[in-house]
Amino acid sequence: MTYLAKSPWIIHYDASSCNGCDIEVLAALTPVYDVERFGIVNTGNPKHADVFLVTGSVNEQNREILKNTYDQMADPKVVVAIGICAASGGIFRECYNVMGGIDKVIPVDVFVPGCAARPEAIIDGVVKALGILEAKRQAMNDRPAATRKPAGDSV
Amino acid sequence: MEGGYLVQIIQLLLFLILFPLISAIVLLFAGKSFDTSWIVKISALGIGAVSLYLLAVGFDKGLITYAVSSGPVDLVMIIIELVIAVYLLYLGIRHKKYSAVILVLVQAALILWFEMTYGRHIELSYNLFFDQLSIIMALIVGIIGSLICVYSLGYMETYHQHHPEIKDRRRMFFFLLFAFLSAMFGLVFSNNLVWILFFWEITTFCSFVLIGYSQTEEATNNAFLALSMNLLGGVAFAAALIYIAAMDPSGRLLELNTLIHSGYVFAIIPAVLISFAGLTKAAQLPFSSWLLGAMVAPTPVSALLHSSTMVKAGVYIILRFAPVLTGTTEGLMIALVGGITFLLASCMAISQSNAKRVLAYSTIGNLGLIVACAGVGTYNLMWVAILLMIFHAVAKSLLFLCVGTVENRIGSRDIEDMGGLIERMPKLAVMMFIGMAGMFLAPFGMIISKWAAIEAFITAPFGLVFIVILAFGGSASLFFWCKWMGKIISVMRHQENLETGIRPEKWAVLYILTGLVVIVALIFPLISSALIEPFVMQIYGETTRLAQANITIMLLMLGLLIIMPFSMLFTGKAPRMAPPYMGGMTTEGGMKYTGSMGISHDLVLSNYYLKNYFGEEKLFMTGTLVCWGLILIALIMIVGVIL
Amino acid sequence: MIPEPYEAIVKAIIYLLLAPVLGGLIAGIDRKVTARMQGRVGPPLLQPFYDVGKFFEKENLVVTTTQNFYALSYLVFMAVAGALFFSGGDMLLVIFAFTLSHIFLVLGAYAAFSPYSHIGAERELIQIIAYEPMIILTAVGMYMVTKSFYVGSIVQSTTPIILYLPGVFIGYLIVLTIKLRKSPFDLSTSHHAHQEIVKGVTTDFAGPNLGRIEIAHWYEYVFLLGVVYLFFAWNPFIAIAAIIIAYFLEILIDNTTSRVKWQMTLRSAWLVAGTLGVINLGVLYYLRMVVVP
Ligand code: SF4
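Protein chains in written order, with the working numbering: chain A, 1 to 155; chain B, 1001 to 1643; chain C, 2001 to 2293.
Just so you know, the hints here were simulated from the structure itself, not pulled from any lab data. Any given hint might turn out to be false.
[Claimed, not checked] Computed cross-link-like contacts, DSBU-like style, restricted to lysine-lysine with a CA-CA straight-line distance of at most 30 Å: (1) B/Lys-1096 <-> B/Lys-1167; (2) A/Lys-128 <-> C/Lys-2032; (3) C/Lys-2261 <-> B/Lys-1618; (4) A/Lys-104 <-> B/Lys-1592; (5) B/Lys-1592 <-> B/Lys-1618.
[As the list claims (entries may be wrong)] Ranges between beta-carbon positions, derived for each pair: (6) B/Ile-1042 <-> C/Ile-2013: 42 to 50 Å; (7) C/Ile-2013 <-> B/Ser-1529: 30 to 38 Å; (8) B/Gly-1615 <-> C/Ile-2279: 25 to 33 Å; (9) B/Ser-1596 <-> C/Thr-2065: 31 to 39 Å.
Backbone N, C-alpha and C define an ideal beta-carbon position, used for all residues, glycine too.
Just chain A, with the same shape it has in the complex (with noise of 0.2 Å):
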């Protein structure tokens, strides 16, 4: 076990959710659930989080949101699609200006599906999340550092 697991502190980006989902992510960081039992804190600053929580599907205004948001977090990092628009677009897939899922743009590590997701499932998805987030800590420290290659550099 290290560290990394016993505190991931996440960050919620909705892109273009109907707020069901949000307002169930909301609903998981309330005491009633009192996630900071795990360590886990909604930071609310992609430069702090280790996951990434997104709602909704991806569409063109918010599609280089979302490549920054993720860009500027330190890796190792995880992605977490919350509902089905986040997975494929879900209702709003023919939509004109809906590319469809958030994996189209930046990689997905767990799906939780769900329209609207359960806060169980989320908190589910986000402790699944951790396993994937163990083993890519494992995978960059394996990594020399020379060879690491950036996971998204703009500069």
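Let chain A serve as the given structure and place chains B and C with the ligand on it in line with the hints.
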């Protein structure tokens, strides 16, 4: 053997007074075809070297007075003073500055009266003197002053390229600079108060012409403002001379070193009058506006007048009278003027975005602190005051010259335009950084003095007032320095390097001054034990210093600070660069962001100026009123003493 | 026994080693108590250590590499300030080192050229100028009671300092709220201010740099509470009780007040320093320096 060094030192003193004067005259009359820059450089080198040599031969000698026959010299001085007065009258009438005209007349009348009634009968035996404080002042003037002269060479050339509308009067300019240095040396080596007044007036006159150099309306107005305020001090100075001469027809008390030991009852009146003159010259609060106005002058002039020489003359003379002022209510009033000036000037600097005004306010504030120390005037505060003077002179001259260089290159002296200087002019930014650190960061100079000041005030009468002032004023100064520092070190990428085309002699001067800031912080215990402590000992019979353990810790901290930047070479993990967080809207590496309608905007960040809290108008008015009140109390009290 | 000159060094080393442990525990207790006050279970006691451990597992993500230098300097000088304090050094020197370390944090935020960091930096500066006078007056007050600026002598004084400096103590508690980054004065960075300025001064620090800043905070906690100890130094048991009560009060205030604007912060801090502090010192000054010199 005994007399050997006496002769040697007097030769050095005379050299330091006369050599800059000779250079000045040569520069004024050198033919057009002659390359004057060599004269400037060689003279500067000579002055600096001789000042250092003076240190080497004189640091352990204590107070020495010199008998120089004064008859012909006095006559020459009177003639020069009258010529200057006539010239000022002419200018005053031409520009319709009648307050200045009146002050010139009053002062000329006072001086003539003095000469006619008393001066003729007085033959002073010891006109020149020399002690450790003189050495310190000579070093400040001789090293920093001459460095600034060298710097001016390059600066003025660029200045005239940028301002073709301003008439090129560079001969005059350099003549005045060197005349100024000569007057400063005269001032610090004179024991005869009449001579001190003469040199005092010369500095006033030189600064008047230098401030008005560009001959624009603003410059002329500000020059006259400076002139009037300094003349006001000059009038008080002349009045002090008349009082002394009237009370003591032998004239022995016109010698500074006898006067300050002549006891409270007699000495307090000239002490207050001359300290009043010192307040005007050091731009303390009711008179601060002249120093702010003087910022219209070319930057080396600001550096020369406001960091190392002119204003230092003001605090120098108050320091000389500190032993008289100590423990008196009059002294306390003068100290309070200084203290309030420090507090308010530090606060007002927060609201300024013009770099030179920030420097001006900080100068006024720090001089206020020195005046506060001198006014309370206990032995340990005297020690602090001298230390402050040294540190301030070095760091502030560096900052003025840095701002001047930046202004030359980017065409603005606004702090908001200095964003990302670390990318655009890396070397200069580092120098500015060091200069600012010298002004407010531990373990550099000013903070050492601030610390010593707190420890010294705590045992002084009414010291608590000053400690409170220091606590608040010190915090305020931290704010404006730090936000300025933050501005220059913010890393804005993709900037072109503007650091080209700066002349090598400018670089040399900047490097030397930067080095001095660090060196002075490193060797201040040495300066203290070799110069300041013997001086304080000789005046008060006791002295002070920082505890050895603390000095060691300070030096260790300084060492740590110097090696810290090298930590950047050993970063554990290879860093990955990412643009700053801007809600995901960043583009172009963080220099722009996408706004509504997909339009991309430049990212612009400005500092806080907190105008509602630290606005100039309100604070300046309050300060002027309060300080006038304090000065009036002091003046009324000495009138009481006379009656 | 340890010979005299080395005693200070040994104390400094003990501080350097133990303070992060103690500071981290304090932070953990803080989070736990806060959670309980909000009717939650809260994180494990060792959570702050997990967090910092994690920061060092992460990638070194920077806006500019100079941030590494500023974050490290912040940590180093904070540790120096605390080590000087606990080895019995001069209070004023400690305060200057303490200020110096904060300047590095602020400069690090400025260096990033980022809107949120920038606002955080400006606010942090306002906080510094808000609390600094009061801290200096605290040191001066201690001097007036014990005739020494050295922590070593202050701590050995048998005078109950608190009885002479009640006003200064209250003033110190108020600026302690600023220093512990607690509501209502958590302007520049906080655990709560997500929406408005993200994380303020620390927004653009990530990974190991954030870890360094967090460790510096731990050093800082221990140092700040050490100053509380000095007020009660004549009796260690009371002193420790006072520290616990003071810290509990800070948590309580944190959870029951909402954040104020910087104007209010600056004004209240200066007002407190200017009234409580100055009046307290004034009376003491009069008694100590004028009546019985
Ligand atoms: S998945 Fe359903 S609830 Fe979630 S954002 Fe899409 S439409 Fe809304």
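Hint-by-hint comparison with the structure:
no., hint, result
1, B/Lys-1096 <-> B/Lys-1167, "holds (22 Å)"
2, A/Lys-128 <-> C/Lys-2032, "holds (26 Å)"
3, C/Lys-2261 <-> B/Lys-1618, "holds (23 Å)"
4, A/Lys-104 <-> B/Lys-1592, "holds (25 Å)"
5, B/Lys-1592 <-> B/Lys-1618, "violated (38 Å)"
6, B/Ile-1042 <-> C/Ile-2013: 42 to 50 Å, "violated (56 Å)"
7, C/Ile-2013 <-> B/Ser-1529: 30 to 38 Å, "holds (31 Å)"
8, B/Gly-1615 <-> C/Ile-2279: 25 to 33 Å, "holds (28 Å)"
9, B/Ser-1596 <-> C/Thr-2065: 31 to 39 Å, "holds (34 Å)"
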